[in-house]
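Trainee: Go ahead and model the full structure; you've got the sequences and the hints to work with.
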Amino acid sequence: MTRAYLIRIRNFVILVLLQILIFSNIHLYGYATAYLYLLFLLKLPRHTTRNELLLWGFLTGFIVDIFGNTPGINTAAATFVAFARNYILASFTKKDEADDYIPAASTIGSSGYIGYSLTCIIIFYVALYLLELFTINYPVTLLISVTASSLLTELFILVIECFNRK
Amino acid sequence: MQTLLNFIVKYNHWFLFIILEGISFMLLVRFNNHQGAAFFTAANGMAGDVSSMFMDINTYFGLKSANEELLKQNLEQEKEIISLRMQLARHSNKEALNNDPTFNSSNNEYIFNTANVVNNSFNALNNYIVLDKGTDDGVLPEMGVYNNYGVVGVVYLASERYSLVIPLLNSKSRISCRVGAGNSSCTLQWDGCDIRFSHLIDLPRYAKFEPGDTVRTSGFSSIFPAEIPVGTIENIEDSDDGMFYQAKVRLFNDFASIGSVFVVGNKGHNEQEELEKMIPRK
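Protein chains in written order, with my numbering: chain P, 1 to 166; chain F, 1 to 282.
It is possible that part of the hints are untrue.
Claimed, not checked - Not everything, but these chain F residues come out facing chain P in the computed CB check (under 10 Å):
#1 12
#2 13
#3 14
#4 26
#5 30
#6 46
#7 47
#8 51
#9 119
#10 120
#11 121
#12 124
#13 128
#14 196
What the hints assert, rightly or not - Calculated cross-link-like contacts (lysine-lysine; reagent style DSS-like; alpha-carbon spacing at most 30 Å):
#15 F:10 / P:43
#16 F:10 / P:94
#17 F:64 / F:133
Simulated from the structure, these hints should not be mistaken for lab results. All residues carry an ideal CB built from backbone N, CA and C; glycine is no exception.
Mentor: Structural data, given as C-alpha cells:
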C-alpha cells in the first residue's frame, strides 16, 4: 500500500515537472499544446474514490497553473476531468467486474483504453480553451485548438503506453 | 434533518466538486487584480527560483546562438558609434552641440538596463513574460522592454528580484506607434490569435502608408524612446465603423524565442504623467 503511494507520488512529480518545464513550452503552429500531466489522472486505479480523484485533479491543475501563469484555468479543467473520469471509465469497461486495476491497454483492451483516454482529453481541452478564451466568438480557433491539442496529447499517451507494455 | 444529512453524505463528492470548481473560478477572476497577479504567478519567489534554475541549465544549450546574437548586437552598436561620431564631427562647434535638442535628449533622458527572460508564455490570450531583474536592479513598473529586433512589452509589476512584463502579445497591451511618410501616430493592439501579427487600430484616414512600411514607437507615451522598430505593415483594411484604417503588422520579434532584453526607463516619465493628469477630463 505504502509502496503504491510512493510510486504514485513519484509519477506525479515526474509528470508535473515534464509538463511545466518542457511540454508547456511547446506550441505547435500556435494551436497544439500537449498537457501530458493528464496521464497521471488517467492512470489512477479504477476504484479510487471520487473525492480523492477530485483532490488529485485540483492539485495537479493548480501546480501547472502557478508555473504557467494561468491561475484557475488548468485547475478548473483538471478538476472537471477528475470528476468525469470514473463515469467515462465505467462506460468503457464491464460494469460487473469487481477487481481493482490501473486503466491500461492490457487491462481494459486497446480500443477501450484509446476511447477512454481520448474522451477524457477532449473534455479537458474543451473546458480549458473555453475558459481561456472566455468567449465563443472564435468557434473555428476553438475547434482547431481542441482537435490539434487532443490528438497531440493522445499521441504522447499512446507512445508511453507502448513503452510501458510488459 | 436525518434525510438532509443522508443526502449530503451520499452526494458528498458533488459538493467537493462544486467547492473545488468554485475555488478555481475565484482564482480565474482574481487574476485580474494586482495582488492576485503578483501572488499566483511566476513573479512570486519560489516559482521564480525554480524557473531561473532551469533557465540556468537551459542557457548552456543556447550558448552558440547567444554568441551569434551578441555578435550581431555588437555590429549594430558599432554602426551606431560610427554614426554618432559623424554627428559629433558635424557639431564641431561645442556650443552648437549643447543647443541641439535631439542630441541632448537622446543622451540623458533614459536609463538602460539588461535582463534575461526566465519565464515566457505565448499561447494564451493574456501572455506574460518574467524577467530576472527587479526593483533591486532598478527595474520599475511602467518601464519599456525591447531587444535588438524590436519592442517586447512594458513592465507591469516588479518584485525585488523578478519583474512581470506585459508583452505585445497581451490583449491589455497598448503601444503608441507611428508609421508612414507623415509619421501618423496610432495604437498597437493584439487580437489574441496569431503570435506573429499584431494590429494598428486607429490609423487616421489621411495617413499615407503602404504594406511593407516599418512601424516604430512614437515616443509620445514616454515609456519607450522614439524610433524603436516594432514590425512591418502586412495589409490594410477599413475599421468596423469606417472612421479609421486598420493595419495588420508583422512583428519583428519572434516571441517564442526571446532571450535577453533591454529595459528602458524615462527619467521624466513621472513628471510627464503628473502633467497629463492635470488635463481636465469630462
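Trainee: Now, for every hint given, state plainly whether the structure supports it.
Mentor: Quick rundown of the hints versus the structure:
1. 12: 7 Å, holds
2. 13: Where the cut-off is 10 Å and the nearest Cβ of chain P is about 4 Å from residue 13 of chain F, the hint holds.
3. 14: 9 Å, holds
4. 26: The hint holds - residue 26 of chain F has a Cβ within 10 Å of chain P, the shortest such distance being about 7 Å.
5. 30: 7 Å, holds
6. 46: 9 Å, holds
7. 47: 6 Å, holds
8. 51: Check passed: Cβ of residue 51 of chain F comes within 7 Å of chain P, closer than 10 Å.
9. 119: 7 Å, holds
10. 120: At 8 Å from the nearest chain P Cβ, residue 120 of chain F passes the 10 Å test, so the hint holds.
11. 121: 5 Å, holds
12. 124: 6 Å, holds
13. 128: 5 Å, holds
14. 196: Given a least distance of 8 Å, the restraint on residue 196 of chain F holds.
15. F:10 / P:43: 26 Å, holds
16. F:10 / P:94: This hinted pair holds, its Cα atoms lying about 24 Å apart.
17. F:64 / F:133: 23 Å, holds
In the structure shown, no violation is registered for any of the earlier numbered hints.
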